[in-house]
Amino acid sequence: MHDLKPITALGGTTPRVDTVGETTLAEVPDLALASVAARAGREQACAKHLKALIGAQAPSPGKTWQTDHYSAVWMGPDQWMISADFATHEDIAATLKSQLEGIASVTEQTDAWACFDLSGPRVFAVLELLYNINLLQFKTGDATRTSIHHLGCFVICMKPDHMVRILGPRASAGSLHHAITTAMTSAL
Amino acid sequence: MIINHPLLGPRDSAEFVNLGAAELMNRPDPETATPEDWHDYAYLRDNPAGAHRELWFHEGGDRSILIVTRDTTTHEITAVELARNRGQRHDPGK
Amino acid sequence: MTQANRLSGGQIDHNTALEFTFDGKRYAGHPGDTLASALLANNVRLMGRSFKYHRPRGPLTAGSEEPNAIVELRSGARQEPNTRATTAELFDGLSATSQNRWPSLAFDAMAINDRFSNFLTAGFYYKTFMWPAAFWEKIYEPIIRKAAGLGSLSMQADPDEYDKGFRHCDLLIIGAGPAGLSAALTAGRAGKHVILADEDFRMGGRLNAETFAVADMAGADWATQTVAELSALSNVRLMPRTTVIGAFDHGICGAVERISDHLVTPPKGKPRQILWRIYAAQTLLCAGATERSIAFENNDRPGIMLAASMRAYANRWAATPAPRVAIFTNNDDGHRTACDLHAKGVKIAGVIDIRPDAPRSRDYEVLQGAHVTDTKGRLGLTFVDVRLADGTARTIECGALGVSGGWNPNVHLTCHQRGRPAWNDALAAFAPGGTLPPGMSVAGAANGAFSTHGALKSGADAARKALGLKGRAPALPRAEDAPVAQTPFWYVEGCARAWLDQQNDVTVKDVKLSYQEGFRSVEHLKRYTTLGMATDQGKTSNMGGLAIMAELAGKSIPEVGTTIFRPPYTPTSIGVLAGRMRGKEFHPTRLTPSHYWAEERGAVFVEVGNWLRAQWFPLPGETHWRQSVDREVTATRASVGVCDCTTLGKIDVQGTDAATFLNKVYCNGFAKLAVGKTRYGLMLREDGIAMDDGTAARLAEDQFVVTTTTANAARAYQHMEFVRQCLMPDADVQLISTTEAWAQYAVAGPNSRHLLQKIVDSDYDISNEGFPFMACGNITICSGLRARLFRISFSGELAFEIAVPARYGDALMRRLMAEGEEFDVTPYGTEALGVMRIEKGHAAGNELNGTTTALNLGMGRMVSKAKDSIGSKLSERPGLNEADTLMQVGLRPVNTSDKITAGGHLMRAAGPVDAAHDQGYVTSAAFSPTLGCMIGLGFLKDGGNRHGETLRLVSPVTDLSVAVEVVSAHFVDPEGARVRA
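Chains as they are written, first to last, in numbering that gives the first Met the number 0: chain L, 0 to 187; chain X, 0 to 93; chain V, 0 to 980.
Worth flagging that the hints you see were computed from the coordinates, not collected in a lab.
C-beta: ideal position from N, C-alpha, C; glycine also.
It is possible that some hints are incorrect.
Unchecked claim - Simulated crosslink set (DSBU-like; lysine-lysine; CA at most 35 Å straight-line): (1) L:96 with V:757; (2) V:469 with L:138; (3) V:866 with L:96; (4) V:343 with V:375; (5) L:96 with V:671.
As the list claims (entries may be wrong) - Simulated restraints on C-beta separations: (6) X:29 with V:190: 37 to 47 Å; (7) L:52 with V:620: 56 to 66 Å; (8) X:29 with L:162: 52 to 62 Å; (9) X:17 with V:109: 25 to 35 Å; (10) X:71 with V:622: 50 to 60 Å; (11) L:4 with V:580: 30 to 40 Å; (12) L:54 with V:655: 20 to 30 Å; (13) V:551 with X:72: 31 to 41 Å; (14) X:17 with V:914: 30 to 40 Å.
As the list claims (entries may be wrong) - Take a look, some chain X residues computed to stay more than 10 Å from chain V by CB distance: (15) 5; (16) 6; (17) 43; (18) 47; (19) 48; (20) 51; (21) 52; (22) 79.
Let the hints inform the model, and build the full structure from the sequences given.
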């Protein structure tokens with residue numbers, strides 16, 4: 000086991016937590032991520048294998064699902080982001096690659112992203128200052144990729160108005176964190 | 000403007016990058032094209048007042064390139080399709 | 000602090016006093032007041048000076064259409080010019096200052112302009128400041144700018160914050176008067192998502208300003224009750240203090256919500272304003288109507304205002320501009336003002352009605368068939384001169400005059416997509432017509448339904464229609480339904496200095512002059528006289544000007560045409576348009592995984608795109624950046640250096656057609672690249688010009704990791720997606736960016752292998768034999784951490800690039816520093832990187848500058864003829880392949896102490912120095928600590944055959960002329976022995 004100590008996307012040794020009123024923004028560092036893109040002509044095979052592997056139908060455009068160990072987000076046509084717990088699945092890309100050989104292209108994405116969970120009452124009041132997606136129709140299981148202050152992000156709805164997960168580019172974690180916390184202070 | 004993405008529904012055009020006229024997809028056949036064909040492809044564009052087919056890259060979204068038919072005088076969008084569907088011949092059931 | 004003109008009642012809290020100052024003098028008002036209503040209550044009519052003639056002015060209106068009562072609010076950094084006193088909500092501690100006057104509002108030295116008004120008529124500037132041309136910039140313009148203009152800027156940064164936000168709805172209702180409230184009730188009760196936006200801080204529109212009953216209660220009470228019902232509906236969002244400033248494409252509206260403008264300062268962390276982008280499936284415009292004036296001699300004195308505004312001040316704000324007022328009207332609406340003010344105890348000096356059959360009153364005198372011919376009072380109205388129906392003159396003493404010329408529907412937002420209002424004969428006004436923005440409909444007074452009943456009904460009907468609601472229409476509350484009877488009457492015969500546009504000082508005479516001089520189209524009239532071009536966009540003046548032009552031309556008003564309105568509906572602060580995107584937040588910042596470590600080392604950072612990169616790492620005692628950079632270069636070439644190159648774009652290219660794909664995007668070949676090998680690749684644009692370069696490492700038969708330059712990463716990815724989706728849709732290739740997933744460090748120098756051998760796990764052989772130049776592969780380091788190793792070199796030394804998952808980047812850098820101590824490992828920044836690549840002759844952004852081809856870059860032979868790639872065909876064009884084409888060369892000064900300057904041009908050793916004799920130019924220059932002098936890279940005509948020649952490097956701008964020798968671009972290790980060591 001190597002002895003290199005990781006830092007979080009915000010540069011800390013422990014994840015950052017910010018609270019405004021009853022709403023909390025928590026940095027989530029313990030996430031392993033890999034992208035899965037079906038090989039040309041193997042789209043159905045890929046969806047089938049993913050289902051067997053992870054235990055649920057590959058999500059359709061704009062959607063996400065979660066099983067015991069994995070969750071998946073639709074990224075693009077025939078492309079998904081699979082995530083799991085980092086402590087047990089740091090090798091998620093290698094695992095998926097070995098099982099989807101010739102069926103899908105798998106790319107490690109764990110450290111491409113910074114992840115934040117925003118939870119509490121009136122989360123949507125914060126989100127409406129950040130991005131343009133129609134929150135009237137943003138339901139549990141919706142996952143959308145959009146821009147927050149010029150940053151390409153995934154926003155995943157866990158519970159409308161109460162809990163969302165935001166994945167943004169890791170190198171800009173500081174800017175994204177600043178954008179979300181200022182919106183929290185402004186809106187709440 | 001709002002672009003009705005074939006997979007994701009209505010999305011703000013701010014999420015997209017305009018890549019120019021859809022004629023860019025008609026790259027000359029390198030085996031048979033004449034220098035004039037290449038010149039036309041690289042440099043000549045129509046600039047219609049009216050329906051215009053153009054490419055919009057969903058950079059802030061799913062990274063699809065869309066072919067959008069937009070009236071340049073009113074911004075009315077009459078058709079949107081995925082660029083990658085043009086000419087795709089793979090059998091997805093394979 | 001008596002409020003001499005304060006009346007009873009209204010929608011203000013008489014029991015609470017708010018203190019404020021105007022031009023330093025203290026006054027008191029009440030919650031619910033605007034600055035204008037509070038000043039009027041305090042018997043202050045004079046609030047501003049006009050733009051050109053500096054005429055004393057008071058409020059003309061009680062709303063956002065106000066042209067006159069324009070003041071500066073607050074002081075210091077929060078000073079805000081050009082704010083309408085008629086919409087500024089009063090708060091305790093408000094400080095307001097009049098503007099465009101010197102030394103004081105009551106005595107303004109620039110009012111001398113008014114005496115010279117014969118010279119300052121329309122077109123004065125165009126005629127006077129024609130010549131000499133050189134005088135314009137230096138003499139005329141500064142003088143004019145000083146004399147004209149409105150408020151002044153604080154010249155300090157705005158300390159407040161502004162947000163942007165996004166909201167969606169089924170129906171956006173603009174305006175919360177009777178039509179808007181009725182529409183909101185209809186849509187809200189049907190369960191639709193409704194946004195009701197109103198620019199006022201109190202919803203209700205004219206209901207708050209009138210004494211009509213609605214549903215057997217006061218209109219204002221009905222509005223309050225309705226707002227309460229709406230706010231209880233979860234599907235209805237009420238947005239008071241929100242101005243919809245523009246109607247844009249596809250149902251998107253812009254709206255400014257004033258969150259904190261009614262507070263002394265915004266609460267900490269709260270914005271002053273929010274710019275909302277509202278996505279509305281349907282939009283219903285219920286913006287009401289604006290009263291129009293009548294032009295007569297000296298109709299701009301403080302105290303002369305629109306009659307319905309005077310009524311609003313009395314009914315809503317319990318304020319009258321004077322204890323004794325008169326009315327001048329051409330319609331029944333003016334009489335309402337007289338009635339309401341009389342009921343409030345204000346003395347009505349007379350109602351002057353142009354109609355011979357005007358209704359009479361028991362309470363005050365009505366002068367039928369009479370006109371106002373002139374007015375008196377230097378800083379405020381004292382008398383009006385009236386010509387009676389029988390031709391006799393009469394003077395009426397009064398402190399205020401309400402003027403009513405009828406109403407114009409507020410069509411502004413219907414014009415924002417070039418919709419043109421249509422003349423409506425029944426209304427004698429322009430009403431929405433022709434093409435409305437898609438999804439927009441109009442109701443209430445904005446659509447010509449002027450009665451309360453008409454507004455309530457049209458609002459409900461329009462909402463039902465827009466939303467496709469079925470079933471029986473619900474009953475409407477009972478309300479007045481007076482018929483519309485507008486007979487146009489624009490100006491009093493024989494007047495000259497009769498103001499149309501009070502903000503820009505345009506008179507009836509100016510319009511006549513414009514006509515005489517041939518500027519007769521509406522657009523010419525506007526530009527020649529500046530009519531309607533002030534910050535109010537002519538809301539109270541355009542119609543009058545148009546009507547007079549029509550009369551002069553002997554045409555009807557619709558024949559003369561109308562001007563259309565542009566966004567924003569009312570003046571909008573620049574701050575809210577910028578939102579959070581200012582200063583350091585203008586764009587996001589990207590940090591590399593070693594950023595915090597570099598900060599600890601005292602690195603100096605430079606912005607590259609959005610990235611912050613360490614530029615150099617100064618050591619104690621180093622006082623000049625060159626000392627640090629020279630040391631970093633020397634140490635790297637002597638032993639080993641480490642540089643963070645995480646910022647290079649990294650794209651994972653996979654699929655069975657990955658090699659075919661790279662063959663298409665790179666001009667050189669990749670099909671035969673062996674697994675475990677890396678190759679330099681040059682991307683061309685289709686026109687044959689170099690676009691970007693980088694390396695592609697083949698990690699598997701069907702997987703490459705491609706790098707792009709830092710600056711071009713997004714562009715290169717976009718281009719690759721274009722090729723994949725648009726040109727090769729059948730190919731089996733998948734792309735994804737992995738730039739941020741990996742921390743990547745260049746480890747360079749003769750000891751780089753020794754250093755890496757200390758951390759690379761022993762399973763992996765990185766000797767020259769086991770891992771030769773251009774090798775690549777997946778490895779593990781530090782006992783098991785997955786990593787990628789590439790043996791590539793930008794510096795020209797034996798070098799590697801090592802990548803680990805980003806979260807371990809910080810730890811790896813610290814480990815490299817610790818393990819490298821025995822080799823005196825040196826971190827180096829982008830400057831040292833740049834010096835070393837120039838020493839090695841590697842092209843970078845300065846050379847791939849959007850004008851150069853592979854041939855220019857000395858890579859002409861790389862463009863494969865065996866395959867087709869993007870740009871390969873057009874790079875064969877004769878024009879890009881002439882015999883004396885520019886070729887990359889190295890340059891060194893003949894006299895080693897001379898400077899080489901990037902951007903300088905190359906000329907022959909003797910002969911003229913001009914563009915016709917240009918031989919080429921310098922793209923990159925640096926001091927080379929390795930060579931001990933400055934060196935440069937440049938492009939030189941036929942440069943490949945001119946090594947050894949002496950040229951002049953010139954820069955006529957800086958008088959530079961230096962003798963330079965043309966040499967190979969590879970200053971260091973031209974044979975490449977070091978990289979292969």
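Structure-based check of each hint:
A hinted pair counts as satisfied when its Cα atoms are at most 35 Å apart, and residue 96 of chain L with residue 757 of chain V qualifies at roughly 30 Å. A threshold of 35 Å between alpha carbons decides the hint, and for residue 469 of chain V with residue 138 of chain L the separation of about 28 Å falls inside it, so the pair holds. Our distance criterion of 35 Å between C-alpha atoms is met by residue 866 of chain V and residue 96 of chain L, whose separation comes to about 32 Å. Proximity of residue 343 of chain V to residue 375 of chain V is assessed by CA-CA distance (about 26 Å); at most 35 Å being required, the pair is judged to hold.
A C-alpha spacing of about 24 Å is found between residue 96 of chain L and residue 671 of chain V, which places the hinted pair at or below 35 Å, so the restraint holds. Range check, residue 29 of chain X to residue 190 of chain V: about 60 Å between beta-carbon atoms, so the 37 to 47 Å window is missed. Separated by about 59 Å at the C-beta atoms, residue 52 of chain L and residue 620 of chain V satisfy the suggested range of 56 to 66 Å. The hint said 52 to 62 Å for the Cβ distance between residue 29 of chain X and residue 162 of chain L, and at roughly 53 Å that hint holds.
Checking the proposed 25 to 35 Å range against residue 17 of chain X and residue 109 of chain V shows it is violated: the Cβ atoms sit about 49 Å from each other. The given range of 50 to 60 Å is respected by residue 71 of chain X and residue 622 of chain V, whose C-beta atoms sit roughly 59 Å from each other. For the pair residue 4 of chain L and residue 580 of chain V, the beta carbons lie near 36 Å from each other, so the given range of 30 to 40 Å is met. Between residue 54 of chain L and residue 655 of chain V the beta carbons are some 28 Å apart, a value that agrees with the proposed interval 20 to 30 Å.
Distance hint check for residue 551 of chain V and residue 72 of chain X: the Cβ-Cβ separation is about 34 Å, which falls inside the suggested range of 31 to 41 Å. For residue 17 of chain X and residue 914 of chain V, the hinted distance range of 30 to 40 Å is satisfied, since their beta carbons lie about 36 Å from each other. Remark: the non-interface label on residue 5 of chain X is consistent with the geometry, its nearest Cβ contact in chain V lying 13 Å away (cut-off 10 Å). The claim that residue 6 of chain X is not at the interface with chain V holds, since no C-beta of that chain comes within 10 Å of its own (minimum 13 Å).
At the 10 Å boundary, the C-beta of residue 43 of chain X stays outside the reach of chain V, the nearest C-beta of that chain being 12 Å off. In this structure residue 47 of chain X is separated from chain V by more than 10 Å, as the shortest Cβ-Cβ distance comes to about 18 Å. Interface exclusion of residue 48 of chain X from chain V stands, the closest Cβ pair being 14 Å apart, more than 10 Å. Even its closest Cβ contact with chain V, about 15 Å, leaves residue 51 of chain X beyond 10 Å, as expected for a residue assigned away from the interface.
No beta-carbon of chain V is positioned within 10 Å of the beta-carbon of residue 52 of chain X; the least distance is around 12 Å. Remark: the non-interface label on residue 79 of chain X is consistent with the geometry, its nearest Cβ contact in chain V lying 13 Å away (cut-off 10 Å).
This entry does not satisfy hints 6, 9, going by the numbered hints stated previously.
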